[in-house]
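A.B. asks: Sequence:
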Amino acid sequence: MEVLGRDSAREAYRIAHGGAVALLPDHVIASGLRLTGGHGHRTAYDWIARHDRAIRDAIDTLKAGGRPPAPFDRMDLLEETECPPKS
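Note that UniProt numbering numbers the sequence shown so that position 63 is 63, with each residue one more than the last.
Heads up, a few of these hints could be off.
Label pairs and their computed distance ranges (CB to CB) [to be verified]:
id, residue 1, residue 2, range
1, 42, 66, 15 to 25 Å
2, 20, 71, 17 to 27 Å
3, 27, 49, 11 to 21 Å
4, 27, 4, 15 to 25 Å
Just so you know, the hints here were simulated from the structure itself, not pulled from any lab data.
Virtual Cβ for every residue (Gly too), placed ideally from N, Cα, C.
With these hints in hand, go ahead and build the complete structure from the sequences.
C.D. replies: Below is the structure:
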């Protein structure tokens with residue numbers, strides 16, 4: 001799993017896993033966390049790292065056409081054409 005960065009227009013983090021890219025909305029990460037004070041990205045990356053297995057499972061479920069359990073049911077799978085190249 002690799003965090004490709006934050007998509008500010010969609011207010012979500014782009015996460016790659018198993019040949020797919022999914023959007024993890026900010027509000028899923030922010031639930032119960034404080035993402036302000038200049039540490040927002042670091043806090044978000046730490047949260048994502050702590051939930052690595054669940055996020056990977058959610059992406060696998062989305063790829064298979066299923067619905068992951070909450071709160072990861074708010075994730076969206078991107079079409080390959082929507083995945084900008086990593087800079």
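A.B. asks: All hints are to be evaluated individually against the structure, with a verdict given for each.
C.D. replies: Cross-check of the supplied hints:
Checked against the given bound of 15 to 25 Å, the beta carbons of residue 42 and residue 66, roughly 32 Å apart, lie outside it. Between residue 20 and residue 71 the Cβ separation comes to about 19 Å, which falls inside the hinted range of 17 to 27 Å. For the hinted restraint 11 to 21 Å between residue 27 and residue 49, the CB-CB distance of approximately 19 Å keeps it satisfied. At roughly 19 Å, the beta carbons of residue 27 and residue 4 sit within the given window of 15 to 25 Å.
Comparing the model with each numbered hint stated earlier shows that hint 1 is the single one that does not hold.
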